[in-house]
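Here's the letter readout for the chains.
There are 2 protein chains.
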Amino acid sequence: MTGNGAGSNGKLMDLLDEPVPGVGTYEDFNTIDWVREKSKDRDRHREITSKSEQSTWDLLHSISDAFSGWLLMLLIGLLSGALAGCIDISAHWLTDLKEGVCLSGFWFNHEHCCWGSNQTTFQERDRCPQWQSWAELLGGSSEGAAAYIVNYLMFMLCALLFSFLAVILVRAFAPYACGSGIPEIKTILSGFIIRGYLGKWTLIIKTITLVLAVSSGLSLGKEGPLVHVACCCANILCHLFTKYRQNEAKRREVLSAAAAVGVSVAFGAPIGGVLFSLEEVSYYFPLKTLWRSFFAALVAAFTLRSINPFGNSRLVLFYVEFHTPWHMVELVPFILLGIFGGLWGALFIRANIAWCRRRKTTRLGHYPVLEVLVVTGITALLSFPNSYTRMSGSELISELFNDCSLLDSSQLCDYNSSENSNTLPDRPAGPGVYTALWQLALALFFKMLVTVVTFGMKVPSGLFIPSMAVGAIAGRLLGVAMEQMALNHHDWLIVKGWCSSGADCITPGLYAMVGAAACLGGVTRMTISLVVIMFELTGGLEYIVPLMAAIMTSKWVADALGREGIYEAHIRLNGYPFLETKEEYGHKTLAQDVMRPRQSDPLLVVLTQEGMSVGEIEGVIADTDYSGFPVVVSQESQRLVGFVLRRDLVISLDNARKRQEGVVSASLVFFLEHVPPQPFSGPPVVKLRGILDLSPFTVTDHTPMAIAVDIFRKLGLRQCLVTHNGLFALQINKYIDPM
Amino acid sequence: MTGNGAGSNGKLMDLLDEPVPGVGTYEDFNTIDWVREKSKDRDRHREITSKSEQSTWDLLHSISDAFSGWLLMLLIGLLSGALAGCIDISAHWLTDLKEGVCLSGFWFNHEHCCWGSNQTTFQERDRCPQWQSWAELLGGSSEGAAAYIVNYLMFMLCALLFSFLAVILVRAFAPYACGSGIPEIKTILSGFIIRGYLGKWTLIIKTITLVLAVSSGLSLGKEGPLVHVACCCANILCHLFTKYRQNEAKRREVLSAAAAVGVSVAFGAPIGGVLFSLEEVSYYFPLKTLWRSFFAALVAAFTLRSINPFGNSRLVLFYVEFHTPWHMVELVPFILLGIFGGLWGALFIRANIAWCRRRKTTRLGHYPVLEVLVVTGITALLSFPNSYTRMSGSELISELFNDCSLLDSSQLCDYNSSENSNTLPDRPAGPGVYTALWQLALALFFKMLVTVVTFGMKVPSGLFIPSMAVGAIAGRLLGVAMEQMALNHHDWLIVKGWCSSGADCITPGLYAMVGAAACLGGVTRMTISLVVIMFELTGGLEYIVPLMAAIMTSKWVADALGREGIYEAHIRLNGYPFLETKEEYGHKTLAQDVMRPRQSDPLLVVLTQEGMSVGEIEGVIADTDYSGFPVVVSQESQRLVGFVLRRDLVISLDNARKRQEGVVSASLVFFLEHVPPQPFSGPPVVKLRGILDLSPFTVTDHTPMAIAVDIFRKLGLRQCLVTHNGLFALQINKYIDPM
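Residue numbers (our numbering), protein chains in the order written: chain A, 1 to 739; chain B, 1 to 739.
Hints are computed from structural coordinates only; laboratory data are not their basis.
Cβ atoms here follow ideal geometry from the backbone N, Cα and C, with glycine treated the same way.
Certain hints may be false.
[As the list claims (entries may be wrong)] Per the computed footprint, the stretches of chain A lying under chain B, defined by three or more beta-carbons under 8 Å from a beta-carbon of chain B, are:
1) 32-42
2) 179-190
3) 292-301
4) 519-533
Chain A on its own, in the form it takes in the complex (with noise of 0.2 Å):
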């Protein structure tokens, strides 16, 4: 505005110098040139430090600088974990509320409320007055079918209540608190722009609407829902600091960092989280972004045991120690639960991906309250009578990895114990533990097939959990059929070798914990990071291998029956971009098959970098939807000078029209870096030197595509241009199809 009035050419030249607000931002649904972005960043960084040495202010700023990556990470580390306690505590909570309330505060769960009681031998201790059924409550008494049928109601109608509050609260504040939301940041990790996502109406639903899925008693987990979280929290502290405000890319890097800090607070295992995020959610993951990422997952855990909010001292439900050793042998049994996890693993997706796509193309997806409602309504009927489907998913496969110590009081381990009663090993089976057999029979079937409608449904929803469940329900099974098979035929061949009478020499927790991982596995293709997950809920790297062995089997057969893990599969589902980084390019096409515009198709359109009028810019823009065009010496010479992207070119032209007097439509626009003078009669020249991208990226027509495909993950480019023999060609976009 304020050379308005001057009308010398040279002082507009300088005010257009400075840059254009909003060229170099990016749209919605939009991917982010990590070249540009990694650049910018460069050039910021390197200012600072030149000027660090003007002055001490300048210093403090540029060491500020170098440490607010650190500070961040604690932050995330900090809010990240304290949330994460928070929602651990009011999930275990609102889940006893299901069954009872406690009389000497409403706000105890069970647990809580029998600690001041002084009923505390073993078996009792989650018996005390303070704690009361709903049955009891309402109807006076504990035993009988008609407080069975109270407790029962109560069970359906909170359960209802609960989910009919998170899909409510989802749909009316934040739609995109839905789901697990590991794909969709995988997706914006890949450098796709999803606006709101991250933001700080997501997180605040999410974290409520989390709780009451959780507690609702459906088939869904929070692990997922977790990185969720703690990428909103990111994201939001991102906002704090300029560096990571304005630059996308970098942004990404504190993402990447936080998504391990989702599945360090979910497992308790930094480490583990840290490889999750390398291996299955991250883009682009530097070195210095790994090393943060562990700082700040490590911060996390802590914040989150000092919160202890399983009252163990331990970060999860299911933390194990097994003290027995396995035996070669058992790789026999392990390895068939991994063939089990992968059919499971590949089959799950099938189904859930089928049922998803109903949902989005039939009248089923018109009614997402109602799906939850009549989801809910079938789950809490069906779980409530068997009390392994009945309990919560972690508490269930915490009693499934549990390896049966004598004092233990579960059903699971109700053991005959022979002639002297304190030798642990070597038990025939009591009738609890048919029981339990049948019981998780049942819950199997449950599980798998409620799990498959649930994953997918508009609450919050992650799939760790059940397929863990689903799993160790199996491997609990195997375990128990084994553990009585060697005590039955301790003169078998096979089990002689170390199953001496007398000594413990099966483990069906073990069996638990390998089924639970084999599924997860086959779920999500996860390798090494669900191992090192595993070997830190168990704490020792003996049983390292059976993981292993299961998780590796589990993945095999399951890419041979369909190579998408399920996040995969849901992005390809949703439509979203995202260029697998995992898949090899096994076609043999050169980047001249590929190309758009087909040699048969009119000529690409191209800008030349002088000569062509405000007017005739503004026509290309308008007959075109390119999101970018490549910028020539002349049409004749078609030797390729930059490219200039769409957005920056209405931007940088709707802006001179504005701000520049006298642009009218027949002003010239040059790409030039030295414009010719100009005869002072003419309107006045439009110089857009500052918006080319003067080192655009090219291949040759000849370059195979698995080069170029690899040049885009590598690099992270947008676009690529072709040419031949040095002449610009053609122009090839990030998303082509593979096909």
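Chain A is already provided as a structure; the job is to place chain B on it using the hints.
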């Protein structure tokens, strides 16, 4: 040879379409072209996959090809684990041989010798009649000054003998076997070729001399060389599989995994090993390799464990389990240890590099054998009187990490037990502890000095153990000081909070461990991998925070004094071409500023796609020493067609002259796809389309160098061509000097 008589143009061309032997291979001390290697492998893989549907045999071939990677990893794990076990056992035995010999069999080490003994009380467990010190054996007495002198002399004699053998063997058979090998492996992994560095002679000699060097009592460790040994195993085993034998890029993936295996067996830390490979040595580390490395590292660890070299079913001597939690206030001494570690790391690197440069430039370098003997002599002379320097590095570390238990007989655990003798904690130090402190202080100075001159001598020498020893001594000293301070000043505000009387509040062993990590971090600048290795040594997440605080401080302090870790410093000292992946390219230059030749230099030599004769091209080759030549449409238009490597060109022209009848200097060379019809009278043409790289990488002259360097790193290019407005301009090579 078959086509010689025919003279038919068509037949000759078919013949020439076959690959000429030698084309596509590399010379020694050259860098590989990652893009070309990966393309080659992709083509091979595609061919096998497409064939697999044709017959059962091809299908089997395709499956065996897919699993050959896993089989190779298994073999590497088994071989490396077994070798590491042998090295551990032999080194243990030879080290003990310096002090005495076992009468029941000279091949028993001290501990094994006394296993069968009857004197099995705890204190006397290492005294048994079968084990005789040299004084007892030679002089008949184990007491008195004479015996001491005999032992002293034999100790020195053995040390000199071992180190003499080591240096002689290295010089005679495998000069590459000296040093730690990690700098060279980093360089090789980044794409450089050093023939024989990972060959069978290097493997054999390095294994033998490593045992000798470690046993000689020099201040060096076996951890770094174990990485080299594992890489040799991998390289040799690669020859069993065509897929890895013929492809330099694939082989480097295997070598990356082998580096993980090396650390896995050195520290019993498979996950730490994989992260070490990822963070410290690898250049190209796709996820598939990550997963395979982990498998190989696990196999190696389990092989080593089943060999059980230390008799404690652990993989390392210094495995520890602490039981006392640490307190927030202790972070202050931990950070102090970090500062010490950083300072020592930076100082050590400078001193060691200065010393190595002196060795390279002065006459010192001419007498490597003498140097080794003198250093061994001085080390043995000074280390015998002090029990902490007399023991081997890992024994020392093990002793320092040790958390004093009640039964511990070591000098460092000689606490005055007060009234009731069975409470361990809160005891004043006894005279033994004070003696130990003095000896440790002396040992600290001795180790610091002697390590500087030892690392870089012509024997296999690792740096991990000496660095850790220095840090562990410093840490233990600080730990004991803190412990006694807390004991004597129970009323100090700072101590009051957590050191209630009668409770164990400070673990000096933990300080030793933190100190060891800090010093190792300062020297190598490892971060996450070091934390994970230490985590796997202690087996508890509890102690990660102290370790992380110390390692981070150490890295920051050391980085402030000098950016390079010891391996990078040695790479630069030896002048290896290595493009550091961690450093940002900090200058704001454009490609046009660094490309060669400069604008003032004569024009770059180019070939044209048609019209040049064999003689002209040979002239160009003779006149220049460029490693490759751009091919353009014509000298006038300078439009780029492709790039041809000097080596390929020389081989092809030689081949054409030898095998293709009638080729003379006047024969025309065509890089075109379709050779224009030639008059029959002229000499036959040479068609070189096959060796032309049709997809050379190009950037524009306005590309910032930071981006160009990024492209070099990420894609692993050898060279990149620079264009100006689509015209081929000039070229930049990989190892441009960034200044």
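Exercise. Closer than 8 Å, Cβ to Cβ, for at least three residues: run that test on the region 179-190 of chain A against chain B and report holds or violated.
Key: Not satisfied, violated; 0 residues make the cut.
Quiz prompt | Whether chain B covers the region 519-533 of chain A (at least 3 residues having a Cβ closer than 8 Å to its Cβ atoms) | solution = It holds: at least three residues are needed, and the region 519-533 of chain A offers 4 whose Cβ sits within less than 8 Å of chain B.
Quiz item: For the region 32-42 of chain A, does the count of residues with a C-beta closer than 8 Å to a C-beta of chain B reach 3?
Solution: holds (count 4)
Quiz prompt | Whether chain B covers the region 292-301 of chain A (at least 3 residues having a Cβ closer than 8 Å to its Cβ atoms) | solution = This one holds; 4 residues, not fewer than the three required, reach chain B with a Cβ under 8 Å.
Violation of the numbered hints given earlier is confined to hint 2; every other hint is satisfied by the structure.
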